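Novice: Going line by line, the protein sequences match chains G and F. The numbering used here numbers the first residue of the first sequence as 1 and each following residue consecutively. The numbering used here numbers the first residue of the second sequence as 1 and each following residue consecutively.
It should be emphasised that the hints constitute simulated quantities derived from the structure, not laboratory data. It is possible that some hints are incorrect.
If chains are identical, the list can't say which one is meant, so a pair holds when it fits in one copy or spans any two.
With a Cα cut of at most 20 Å, we get these calculated SDA-like pairs of lysine to any residue [what the hints assert, rightly or not]: (1) LYS374 - PRO339; (2) LYS405 - GLN170; (3) LYS374 - PRO397; (4) LYS405 - GLY354; (5) LYS405 - GLY17; (6) LYS374 - ASP216; (7) LYS405 - LEU227; (8) LYS405 - ASP300; (9) LYS405 - THR20.
On a predicted model such as this, the values are computed, not experimentally measured, just so you know.
2 protein chains.
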Amino acid sequence: MGARAGIVVTGTEVLTGRVTDRNGPWLAEQLRRRGLDVGQVVVVGDRPDDLRSALAYLAATNDLVLTSGGLGPTADDLTAEVVGDFCGRPSAVDEALAGRITAIVERLMSRRGWRVDPAATEAGTRKQARVPHGAVVLEPVGTAPGLVVPPAEGDGPPVVVLPGPPSELQAMWPAALEAAPVRAVLDRAVELRQDTLRLWGTPESELAATLRRVEDQLAGLEITTCLRDGELEIVTRYAPDAAAAYAHLVDAVRGDYAATLFSEGPDVDTLVAGALEERSLTVATAESCTGGQLVARLIDRPGASAWVPGGVVSYANSAKEQLLGVSAETLATVGAVSPEVARQLADGARARFGADVGIGVTGIAGPGGGSPDKPVGTVHLCAVGPDGVVTRSLVVPGDRAAFRKRTVTVGMHLLRALLLGGPPA
Amino acid sequence: MGARAGIVVTGTEVLTGRVTDRNGPWLAEQLRRRGLDVGQVVVVGDRPDDLRSALAYLAATNDLVLTSGGLGPTADDLTAEVVGDFCGRPSAVDEALAGRITAIVERLMSRRGWRVDPAATEAGTRKQARVPHGAVVLEPVGTAPGLVVPPAEGDGPPVVVLPGPPSELQAMWPAALEAAPVRAVLDRAVELRQDTLRLWGTPESELAATLRRVEDQLAGLEITTCLRDGELEIVTRYAPDAAAAYAHLVDAVRGDYAATLFSEGPDVDTLVAGALEERSLTVATAESCTGGQLVARLIDRPGASAWVPGGVVSYANSAKEQLLGVSAETLATVGAVSPEVARQLADGARARFGADVGIGVTGIAGPGGGSPDKPVGTVHLCAVGPDGVVTRSLVVPGDRAAFRKRTVTVGMHLLRALLLGGPPA
Numbered sequence: 001m002g003a004r005a006g007i008v009v010t011g012t013e014v015l016t017g018r019v020t021d022r023n024g025p026w027l028a029e030q031l032r033r034r035g036l037d038v039g040q041v042v043v044v045g046d047r048p049d050d051l052r053s054a055l056a057y058l059a060a061t062n063d064l065v066l067t068s069g070g071l072g073p074t075a076d077d078l079t080a081e082v083v084g085d086f087c088g089r090p091s092a093v094d095e096a097l098a099g100r101i102t103a104i105v106e107r108l109m110s111r112r113g114w115r116v117d118p119a120a121t122e123a124g125t126r127k128q129a130r131v132p133h134g135a136v137v138l139e140p141v142g143t144a145p146g147l148v149v150p151p152a153e154g155d156g157p158p159v160v161v162l163p164g165p166p167s168e169l170q171a172m173w174p175a176a177l178e179a180a181p182v183r184a185v186l187d188r189a190v191e192l193r194q195d196t197l198r199l200w201g202t203p204e205s206e207l208a209a210t211l212r213r214v215e216d217q218l219a220g221l222e223i224t225t226c227l228r229d230g231e232l233e234i235v236t237r238y239a240p241d242a243a244a245a246y247a248h249l250v251d252a253v254r255g256d257y258a259a260t261l262f263s264e265g266p267d268v269d270t271l272v273a274g275a276l277e278e279r280s281l282t283v284a285t286a287e288s289c290t291g292g293q294l295v296a297r298l299i300d301r302p303g304a305s306a307w308v309p310g311g312v313v314s315y316a317n318s319a320k321e322q323l324l325g326v327s328a329e330t331l332a333t334v335g336a337v338s339p340e341v342a343r344q345l346a347d348g349a350r351a352r353f354g355a356d357v358g359i360g361v362t363g364i365a366g367p368g369g370g371s372p373d374k375p376v377g378t379v380h381l382c383a384v385g386p387d388g389v390v391t392r393s394l395v396v397p398g399d400r401a402a403f404r405k406r407t408v409t410v411g412m413h414l415l416r417a418l419l420l421g422g423p424p425a
Numbered sequence: 001m002g003a004r005a006g007i008v009v010t011g012t013e014v015l016t017g018r019v020t021d022r023n024g025p026w027l028a029e030q031l032r033r034r035g036l037d038v039g040q041v042v043v044v045g046d047r048p049d050d051l052r053s054a055l056a057y058l059a060a061t062n063d064l065v066l067t068s069g070g071l072g073p074t075a076d077d078l079t080a081e082v083v084g085d086f087c088g089r090p091s092a093v094d095e096a097l098a099g100r101i102t103a104i105v106e107r108l109m110s111r112r113g114w115r116v117d118p119a120a121t122e123a124g125t126r127k128q129a130r131v132p133h134g135a136v137v138l139e140p141v142g143t144a145p146g147l148v149v150p151p152a153e154g155d156g157p158p159v160v161v162l163p164g165p166p167s168e169l170q171a172m173w174p175a176a177l178e179a180a181p182v183r184a185v186l187d188r189a190v191e192l193r194q195d196t197l198r199l200w201g202t203p204e205s206e207l208a209a210t211l212r213r214v215e216d217q218l219a220g221l222e223i224t225t226c227l228r229d230g231e232l233e234i235v236t237r238y239a240p241d242a243a244a245a246y247a248h249l250v251d252a253v254r255g256d257y258a259a260t261l262f263s264e265g266p267d268v269d270t271l272v273a274g275a276l277e278e279r280s281l282t283v284a285t286a287e288s289c290t291g292g293q294l295v296a297r298l299i300d301r302p303g304a305s306a307w308v309p310g311g312v313v314s315y316a317n318s319a320k321e322q323l324l325g326v327s328a329e330t331l332a333t334v335g336a337v338s339p340e341v342a343r344q345l346a347d348g349a350r351a352r353f354g355a356d357v358g359i360g361v362t363g364i365a366g367p368g369g370g371s372p373d374k375p376v377g378t379v380h381l382c383a384v385g386p387d388g389v390v391t392r393s394l395v396v397p398g399d400r401a402a403f404r405k406r407t408v409t410v411g412m413h414l415l416r417a418l419l420l421g422g423p424p425a
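Between the sequences and the hints, there should be enough to build the whole structure, so can you do that?
Specialist: This is how it looks when you write it as structure tokens:
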């Protein structure tokens, strides 16, 4: 492999899980596209010693180090100062930069109509305008400037200092790529491809046997497999000169898993959205146990309003009857958690929203509500479209959150099987 | 601070963001409750060298090291072997353990009705049954056993090796706590409290001024502040002997931010759920731009079926009319994105689900759909209940994902203000 990069994500709120980091994965993907391989992401709290030792750890084995977070106005935001010290470059206030930050803060405050304490704002602004000697300043997108700090001694990697809010970090990224110390690293990088094969219904241990069988044809490939929510992903990274080895892998997987290979690239969400768009079809949902997560996942994609008129979340049986036309008799005889009600939910969603496709989900997410007949995790799904009907009944293991996530993925595969065929849902 | 722990999360799928890590934060919280402070979480891909250097980095400054992931049957699952080597303890197959894993795998396969290749299963099983000499085995919850590996030389921290799937890791955790090398570390730990104050509508820079003013009364507190989705969280960790300092902090925040302090502990979701439960009220939703994320967030809590009969996601105007009774005339005159429609959505949700409280959300998530009058990010919310009506109109900055997340949080504060008063939504 060519050049490598390491990432430090700062923030006690990330370390403790109150905030989920989106920056580490985003930066890793941006860097990979430019041929820089990311081997480690370190999350540290807002403590100078921990940040310093994380920088030392990453600087030892990487050509570039990036940080996100810790650029705010409060005392626990200490990244710029610590990075400056680490690189042997003492910091001082950049007066012109302080003036630009002040103007930004005043505009923000007045737009939000928040009362402002000028003294508080000034102390914070001057803190944010401190720049290590010789560093490249990346202009603020929010209020905090970013930095590219080259090592004073010339023998370590440059450190790119970026803000924590993902929208600010992403907007600042093009400027970081243009900074001379970063360009020098990128010039040493070589292309690194990443391709994905996706199976639905194959256990990881079987795939392991296939990989062992063709092992000697796979030189130059870095293959990782991941089973989640019933999907088995095979992600391969390789330099362009290993393209023939990747073709061998694809052949082997096609040969052994024709019945479960559902994609040689796009994920199930992209396949479903593409099929709906191409055929100008719409889909409406009727959910109980997944509580809106299925419609939310469909609507996650920009432009979804063209193919999702909406959905109903019907926890109460009365809502199932009145909003979706589920029969009171069916509810009384076989119960809400049944294949019959899943079908009526799908039909109801289709009819009420005037959609081409309807999907219904009914089950028991737990922790309460189970019975010997219908244990927690029992779920029935049904998708109805112009070409037919696809159903699935199963018992999903795991807790409430795992149940909902897995069930929503099964729902996406129901739509995929209905619209595109391939492995059964 | 007393004893410290460091966590390594393995898996290229986590490093690249295809899977979001839930284990690092969960373990950090479990350890904090037992007085172990977690300073770093390192995410590494499935490469032995990177795992080895991460272990060395964490072992240098911690009393306990934990790993999650990399215990599966495929070749890229290499944690147990690398940890054994790192601790100076070579691994060998534990035949009795191999037998127990085989029985588990056969049961799983037959339950799922998957076709099984016995040779593949056996190779994977024997790999999973390899145990470093002298390590404590934690019985499998899925198919993979965990391990507690003491250092061979006696001068490093013990390493706890746990599986990647969160439900397996969590189920195995009590056994890990019982292992003798872990108990020895826990015996050295002292209680570490964590308390949170929550503000709605105060900028971080103002809070910084308050903290600076009372700085000399806050000795022994580790304070971190975090602004997200408009909420400002002040999280403080402290040993029991700093309780008086924490009381000073609470007094200062109460004094300066009486108008925006909405909680001295529970988050807004807990406050809303508690108010609904206590007063035996129900709430129904009608969303457009948030696409089901508001109802999904309400239903995230176990037991939510008692207070959420359901919700409608109505992207299409026809769905707003037919499912929620929004007037065609209002839609034609002021448009779907308007305070009037937000009100009619709230009324419609309340009426159609027979709920005590209805909440309506209508806006433009983008990237398309904006206009000079109604730019992307425009959103109107309305909550109607037995005691009155609360509304909010705003323009939310950021991309589609940020818009939806922030808008859902505003929705939760609308319900909080309606049910409990306090800072306006």
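Novice: So, for every hint listed, does it hold in this structure?
Specialist: The hints, checked one at a time:
When the C-alpha separation of LYS374 and PRO339 is checked against a cutoff of 20 Å, the pair qualifies only within one copy, where the shortest distance is 12 Å, while the shortest distance between copies is 44 Å. Proximity of LYS405 and GLN170 under a CA criterion of 20 Å is satisfied inter-copy only: 17 Å between copies versus 28 Å inside one chain copy. Proximity of LYS374 and PRO397 under a CA criterion of 20 Å is satisfied intra-copy only: 13 Å inside one chain copy versus 45 Å between copies. In this assembly of identical chains, LYS405 and GLY354 lie within 20 Å of each other by CA distance neither inside one copy nor across copies; the values are 27 Å within and 29 Å between.
Both within a single protomer and between protomers do LYS405 and GLY17 lie at most 20 Å apart by alpha-carbon distance, with minima of 19 Å and 16 Å respectively. Taking the shortest alpha-carbon separations for LYS374 and ASP216, neither the intra-copy value of 48 Å nor the inter-copy value of 60 Å comes in at or below 20 Å. With identical chains, the CA atoms of LYS405 and LEU227 are at most 20 Å apart within one copy only, with a shortest distance of 14 Å there and 28 Å across copies. Proximity of LYS405 to ASP300 under the C-alpha cut-off of 20 Å is found in both arrangements, the shortest distances being 15 Å within a copy and 11 Å between copies.
For a Cα distance limit of 20 Å, the shortest separation of LYS405 from THR20 qualifies both inside one copy, at 17 Å, and across copies, at 13 Å.
The structure fails hints 4 and 6 (numbered hints given earlier, in ascending order).
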